[in-house]
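Use these hints to put chain W onto chain D, whose structure you have.
2 protein chains.
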Amino acid sequence: MSKQIEVSSETSAGTSNEKKEDFSQLWSYVDQNETKFVDQLVRLVSQPSISAQNIGLKECAELVRSMMEKLGIKTQLISVPNAPDVVYGELRSSEKRARTLVIYNHYDVQPVEPLSEWKTDPFKPEVVDGKLFGRGSGDDKGELVARFCAIETLLDNGSSIRPNIRWVVEGEEETGSTHFHDFVLKNKSLLRGDGCLWEGGDRSTKGTPEIHLGTKGLVYIEFKVKVGEKDQHSMYGPIAPNPAWRLVNLLKTIRDDKGKILIQGFYDDVAKPTPQEKKFLRNNEYNLKELREALKIDYLIQGKNDLETITNLLYNPTANIAGFGSGYVGEGSKTIVPKEAFVKMDYRLVANMRAKDILAKIKRHVRNHGFTDVQLISHSLEDPAKTPVESEIAQTLIRCTKLVTGKRPNVWPTSPGTGPLSLFTDKLKLKTAMGLGVSYPGSGFHAPNEHIRVEDYKQAIKQLICLFRLF
Amino acid sequence: MSKQIEVSSETSAGTSNEKKEDFSQLWSYVDQNETKFVDQLVRLVSQPSISAQNIGLKECAELVRSMMEKLGIKTQLISVPNAPDVVYGELRSSEKRARTLVIYNHYDVQPVEPLSEWKTDPFKPEVVDGKLFGRGSGDDKGELVARFCAIETLLDNGSSIRPNIRWVVEGEEETGSTHFHDFVLKNKSLLRGDGCLWEGGDRSTKGTPEIHLGTKGLVYIEFKVKVGEKDQHSMYGPIAPNPAWRLVNLLKTIRDDKGKILIQGFYDDVAKPTPQEKKFLRNNEYNLKELREALKIDYLIQGKNDLETITNLLYNPTANIAGFGSGYVGEGSKTIVPKEAFVKMDYRLVANMRAKDILAKIKRHVRNHGFTDVQLISHSLEDPAKTPVESEIAQTLIRCTKLVTGKRPNVWPTSPGTGPLSLFTDKLKLKTAMGLGVSYPGSGFHAPNEHIRVEDYKQAIKQLICLFRLF
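Those sequence lines, one after another, are chains D and W. Going by the numbering used here, the letters in the first sequence line up with residues 15 to 485, in that order. Going by the numbering used here, the letters in the second sequence line up with residues 15 to 485, in that order.
A couple of the hints might just be wrong.
Identical copies go unnamed one by one, so any copy, or any two together, can satisfy a pair.
[Claimed, not checked] No more than 20 Å apart at the CA atoms, straight line, and that leaves these computed lysine to any residue pairs for SDA-like:
#, residue 1, residue 2
1, K266, H383
2, K240, Y342
3, K348, E213
4, K348, L129
5, K244, I311
6, K348, I391
Hints in this document: simulated from the structure, not taken from any laboratory.
Next up, chain D with everything else stripped away, as it sits in the complex (with noise of 0.2 Å):
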């Protein structure tokens, strides 16, 4: 806890020119190398490897892994059953009594469906005015290429990697990492280290780098209602069962018109915003016009004002229909009573809630309205992660954002999105932070047309580049 402070206090303290000049000469080199270090990350996202669709992921992790040899960092391909294989790499510090560092990263990407919707082919990555298209640009190759670049950028210039790395890229990220879990509880010891970088690390619509020191938990399941083989002549509708009315009505039993969920004890555990996390709140810069202006959405749902909205935002469980599928879905008009219906759901939870307990009161809620029809299946269970802001990995990122963009980073409490941090934060018990990523509120993770600016990659690098010296 002492080093940690002591980290703190440096950062506070500011960083002297010696270490200025060092960065810059080494900041230039990214700048000269831009078309080296697109290419790369091109090169990686050129290799499909959807995990929903088991599309590409023994390719892609071979070709992570030779990405990796090639920085000289030591790899093996970790089996895991039922499961894409873990890329793991380490690399030793010259120095002595060097910290060590564990990097996480995944090298599965979304599907890409809508295909249509599409301007670019996802796999064929292009350059278009200053912005890289395509899928995993920025979740989580790009993320994954630029800590490469920053690697190969020191090594370049005969600079040292001050902390040992242990590195562990996964395949199964976009369908919930549900078999990495068992990984990381088999292989503790690969993972042992004093920080932990994790992925992530948006900018506001200003352009300011965020850092973030927690995600949200995730139930993902699936509601099904399957009523015979075949859909059948809409004529038959007083007498046949509709699945889609079935599940219409279960959805209504669980939230309200106005986004309460109605499912008995979800709130127990739900922790409020402590007066240290307000305070973040209220320092960071966020933008809710130009959030909601790059998301391309109509309009959002507001609080009493901007904090609020930002609070709900990152303090509020949901219950989010991600998908709803039955009958006839085409052009025009078909007159049927569908054979089956289903929805897909993912329920978000905050710090302190447990996904378990949650799936659990999901399941006696279903039984105790009489759906006993109603199948329901689970996709993924994630629990809610935090890391306190006072630890070395959390200030070491605030200090490298600062030596790179000369103002202190947005630090977010946690982040409103999800991953398997809580097997780190807590089973591993890393401090674990989510920073100097690549990129920005436009960049459409999981929609048709993710893309990164190429000006946001050069700065990750560049904050990545101190990260491997200062930690």
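What follows is chain W alone, placed relative to chain D:
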């Protein structure tokens, strides 16, 4: 009306031996000429005429016309803007004070896909085990040619056709008769008459011919909510509006758990079955267990007993969800807030509801419940139609079945399905009935391997012979 009652009592009194004699001679002719009559149907089925794909319609219209001309029917092809030609034919009776029978058929057929599921070529009709296979063998070419064969039998045997005949054969029934409405309204004078024989006429599972005296109406609409230009990462769930939840919130105001429709005034004009209709329902043959098995559905929504269940099927209006689409509907999971959601609904209307009135009530409901963000797209409107069982056309059909089978047909005051029947009953003031058809529950209209039984075909021709002598 007095005339109708006269016919009705004639039916009740049975027919004279002399008439029975006449018919049995004509019926023998049908049996003796089975091959010829089957060949005529083969010829028409061999001509593809798929309105949804604009295949062979002109050729088929010409063929129908030439078949009618051979029977001495004066024909014309009437062009309809943006639609296939209507074949129109007239046959004048030699009798004084002859009544006029209007006949409706269509010469177009459904697409044949999936072709791989056909055991024969859909346009090379074959008789296998007493069944004639081919697209349109039943719907509606089988019914049309059976009517030709009845006329041919009468002419070949020196019997006259008693009524004047006005025959309309359209070419876009399978795509919703979209332009046929205009045709009818512009050509009312061509379609005046004392009764109309519609297409249709099925058999019960026990082989008893069925007569239907009405159709349900239909309001087919789509609700659509769009909240932005792209799907969002579902981490934005607390502040991003969810269009699928929006539709769930609307739908729950439309219909309760038990299927009762909550739109104000929806049931205002619903006609309950009359005592006479109830009597028919009690006397008709039906087997709900066999129906459920044929539909391959797990269960039916039951009334207190089978009679109530079948009454519900015919007399209950519906608010059916025919399709619901939003967000991610592929395998596994994807964490998004969808950019849009839509639900396709067909509302089946019973006598005396009116489609325009119900559409207006739905619009008012959406507005009054504050769903100003929900777009309502109207796909089709059709009024219900009903012809009283006392009408001359209904009584004559019943009588024809009794003469040929020795038993009374199942008489259904309405069908659970929908068609442009109200055009004839309401706009042309024509009493219109469906019966004396060629199909049975296994015929598979619209499906691969559509077929009819040759015995049913001959039985239909025999009944139609009676119709052309008795109307």
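Here's how the hints hold up against the structure:
In this assembly of identical chains, the alpha carbons of K266 and H383 lie at most 20 Å apart whether taken from the same copy (11 Å) or from different copies (16 Å). For the identical chains of this complex, K240 and Y342 are neighbours both inside a copy (15 Å) and across copies (19 Å), given an alpha-carbon limit of 20 Å. Within a single copy, K348 and E213 get their C-alpha atoms only as close as 45 Å, which misses the 20 Å cut-off; across copies the closest is 18 Å, which meets it. Only between protomers do K348 and L129 lie at most 20 Å apart by alpha-carbon distance; the minimum there is 15 Å, versus 25 Å within a single protomer.
In the homo-oligomer, the alpha carbons of K244 and I311 lie at most 20 Å apart only across protomers (7 Å), although the nearest pairing inside one protomer, at 37 Å, exceeds that limit. For a Cα distance limit of 20 Å, the shortest separation of K348 from I391 across copies, 14 Å, qualifies, whereas the shortest one inside one copy, 29 Å, does not.
Checked against the numbered hints above, the structure breaks none of them.
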